[in-house]
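Given chain A's structure and the hints, the job is docking chain B onto it.
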Amino acid sequence: MCDIIWCKKEKGGKVCNTVNYLDPYCFWNWEGTTACAECGTVYYIHMIQGHMYAGPDEKPGHKPDMRPLYADKPLDGYSNYLPGIEGRTRPYNCLPRHIYLGKADMVKFSVRGRPVRGWRPQPPSAGVAGSFGFFWDIEKLSPEVWKEYQEKIAKGEVKDW
Amino acid sequence: MFEDDIKKLKVCDFDELPGPKSKEELDEMKAPFEDYCRKAFDVGNEFVKPDALKGIRWLSTTMYIFTPHSVANIAELGAECIKIEMPRMGDAMRHTSPFNEAYLYPLHDTRPMSGTGLGFTNANVNKYFVTLDYHVPEAKKLYYNLVRQSDGLTECYRHGTFDRWKQGYRDLMEINPRFIYVWGGGFGYGPKIFGGSYDILGQAHAGLSSVTGAHEDFGGHSTKATNWVIDWYSGTQITVCMLAALHYRRKTGLGTMIEFSQVQAATRCLGYTVPLYGKFGIVRQRWGNWDTQLCVHGIIMTGKTDFPDAENPQDKFETRYVMVSAFQDADFKELCNIIKKPDLFSSYKTHKERVGAPAQMEIYAAIEKWAANKSRAEVVRILKEHGLLAAPVMNDREVYECDHYRQRGTVRWNDDPLFGDVVCQSAYSAGLMSKTPRRHKWQWRPVGADNVKIYHELLGVPMSKINEMYNKGII
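Keeping their order, the protein sequence lines are chains A and B.
All residue numbers for the first sequence refer to the working numbering, where the first residue is 1 and numbers rise by one.
All residue numbers for the second sequence refer to the working numbering, where the first residue is 1 and numbers rise by one.
Please keep in mind that the hints were generated in silico from the structure rather than gathered at the bench.
Keep in mind that this is a model prediction, so the values were computed, not measured.
Certain hints may be false.
Stated by the list, open to error - Pairs of lysine to any residue, SDA-like flavour, derived with a Cα cap of 25 Å:
1) A:Lys159 to B:Gln407
2) B:Lys453 to A:Pro123
3) B:Lys316 to A:Pro74
4) B:Lys441 to A:Pro74
5) A:Lys159 to B:Val399
6) A:Lys159 to B:Trp413
7) A:Lys108 to B:Glu401
8) A:Lys159 to B:Phe47
9) B:Lys453 to A:Pro124
10) B:Lys472 to A:Ala126
11) B:Lys441 to A:Trp136
12) A:Lys108 to B:Lys369
13) A:Lys152 to B:Lys316
14) B:Lys441 to A:Ala126
15) A:Lys159 to B:Ser429
16) B:Lys465 to A:Gly133
17) B:Lys140 to A:Leu75
18) A:Lys108 to B:Pro417
19) B:Lys316 to A:Leu75
20) A:Lys108 to B:His95
21) B:Lys49 to A:Phe135
22) A:Lys155 to B:Arg412
23) A:Lys108 to B:Lys349
24) B:Lys349 to B:Phe317
25) B:Lys192 to B:Leu270
26) B:Lys441 to A:Lys155
27) B:Lys441 to A:Val116
28) A:Lys152 to B:Arg412
29) A:Lys159 to B:Asn45
30) A:Lys108 to B:Leu270
Next up, chain B with everything else stripped away, as it sits in the complex:
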């Protein structure tokens, strides 16, 4: 290039680049965008906006959390989802957790003393509930008619069961070639084809539990992440497959079969663990509340709880944990000064020096020693005042009372048409959408609540026939 041309080239002038140039300017620009977001997402008025997936009809022959959740995701986005359950009984999840009267009644008219456990929450939002016993030939006909009028189905029976019953993908694609079929279960085909799955089995079999919890040297054990996270997670992964299959069908007009193994999905959460073994032969260990890649970046225990006089033990004893992050050199130096251990910084000046296990043992012990006579709130306040990232580990009640969540509508009260006043997060915990927001219409409905709506109004089965099938126990 000639010298003159080089001179003509514009030198990058940072002042001309878009974006704030000072803290004041940043604050000035930030406020209007926040206002814009508040207006765009308009929390609380979701129902005046259109549904993203309106027009999609999906069948759900699912149980527990994992597969039902995959369908609840699209039900929240506006698809018409029909859950098919066993007559009089319903999904087994209705009868499981939590125990001790945490139920919403009724379950079904024939069982006035039974209710549906709150464990059913979030996995079955906005669905319609019908009953059907597939073993009866008459029921098969209804099932095939539903398939003819639907876009897809999610099922969770043992691998090949629906195929054996002549209601799997190979049979359904003949009556509806646009049909998207999802099998979600434990292992999928392979040496362990007959293995069923639970969330905890997924976590164990994928190796996730082996890297969760504190190391045995610190009194920890291989631990399962609480509340069925792999059920929720893999259910959502199924939804991603379903939406991709719907897009593919728009282009080609063809359905898809999705075979989704829960234990396989759980391996994805392991991140670098697998390639780490492949490259170095290192089997990853548990590091509990610390981080193998960053230090300081973990959860520490303080000496006092925030609510020593509370009645509830979760408040009284447990509100004493703080998440703290100070891994950059300057932040770490500040942290060492706060805890009055400047020599710690002298010993571990670089991140590489302090990320090793012996260093972390010393550093976290020093922080906890400093926090031993302080409460959770005090520790968070002091660290924040010095410009470090710190947050209290909150419990349920605090999440419920958190203003940030309330303003964003994450946790909110819903006047459920059947069950009354129910607090929920469901649709509102999965991201805000400005044009087609997710919404929570109803928590769930009793077993077979929509039998007439679906069988009579949609399929055109005469009421006398519906009555007859009901008395025979087919629906």
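Excised from the complex, chain A in its bound form:
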């Protein structure tokens, strides 16, 4: 896959937030101007081997040489990219996870509400030569998660299944 242009142009007080996919067939080794599919902002780009070597730099007033093959708005739930379009992968129909908004989605509790050691960084607890004790004492090693767990129990959010 080639690089993308995530258009952050503000128009009418709203950020465009359109992801323009620069398909490898056209853009793999390419220099010129292209335009955002949503707001039409013209960008100069120079791609070498699928990587953005220079740009994207705005070129107001220029005419785009070529437009991206397709684009979408992931923060709005991939609205242009519908299921059942032949030849394309099945899209996400759910809203983007926090990871796309710059915040990793660290899981601390399983779907039934009990603590699972799935977040980072973890407190070091290795002994000699990386060996680990057999039991993870959550109350001692991750007191904040333990506290949250107690609150969950009190609220009745901890289930058997």
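Okay, now just chain B, sitting in the frame of chain A:
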């Protein structure tokens, strides 16, 4: 024989044969046996029973799914399995799938920001994890000492690598003649000896993909069966070899070398495909969700999904497939009546007539046309009410919520000693045993988590030496 003797012979009286004589009697007999099974297998209390393979120690110098799974099988049955990994790094599978934070932390104390991906699940259950860099002479000594005290080893390096490193079967049988040695890899010796393997390569090279998926005439393509089935399958086949080798060793006192090619194992799943070619010169085709031998016996698509308002696309769009089976004449007739196409039965009265491709095309199209305005649940309910075999094609969530699986303990929550609350199937998906059940003790452990337990407590290496080797990166 004389006539009198013939008269003396007892005529078979069906009423005297064991077994139920009526439906009521069948129901009466069934309930106590079900109770007996519930008591015998006692799901949830596996840990009070003995381990089948207690006393067996097995080394596992394996990566990814295929070979690790062969050892996980015996680890679930109670063998003490020691997995040897690269220091600080571990099995490559820890770092692969699935991405996007589906990890359990920590990986190792030196890498607090790394975890082990859930793709590691089921292939490494109940193992102990040590690290060792074989390239160092000091490490070799530890390795040989482990071999002296173990029953066998499974490895997955390129063919002949361990032999070149003086740690293959030919060297190990000299220090431990009872040693059972498994090499599991892509092709094994032969013209393609240097080929490595992945599950998908096994499926492709064995011809399994060529008969999987819909025919091109129906818009399908050669397809791989999902989720590395050949890795899981061939790993289990290795375990069968290992158990047979253990039995042979009980009788003779001798070890065995097992050389297991994944592409070779995958050909076994092809069943009649190979002899079909041998006898008739027919190259088998893909038939997708239909069956070449039975009709109706396939998966159909209904018009509506069961959960149109769900957020998750797997629920919202995909819950619309039904497995249906009605290949006996009476069943097929019933099916034709249900879909209001009695003429279909008139056209294809015998199974031989309806199993041909043109007939199947017509029959399945008619069923799907009938199901076009119905949901998956409706179709299943109607077919079942008429005594036909039908089942919804379920997704993950439905498997998790399925009461049948819960009652049998197939899917269950495990309070993992290190990783907390983890739902698992692993040991509990591979058959129930009344006396020595499989069990899931832990999901996996961090890289080198058992270095002290194995090197110090088992081999007697002094702690100072362990520290020294750790600092040098040997372990």
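Which earlier hints can't be squared with this structure?
4, 12, 13, 17, 23, 24, 26 and 30
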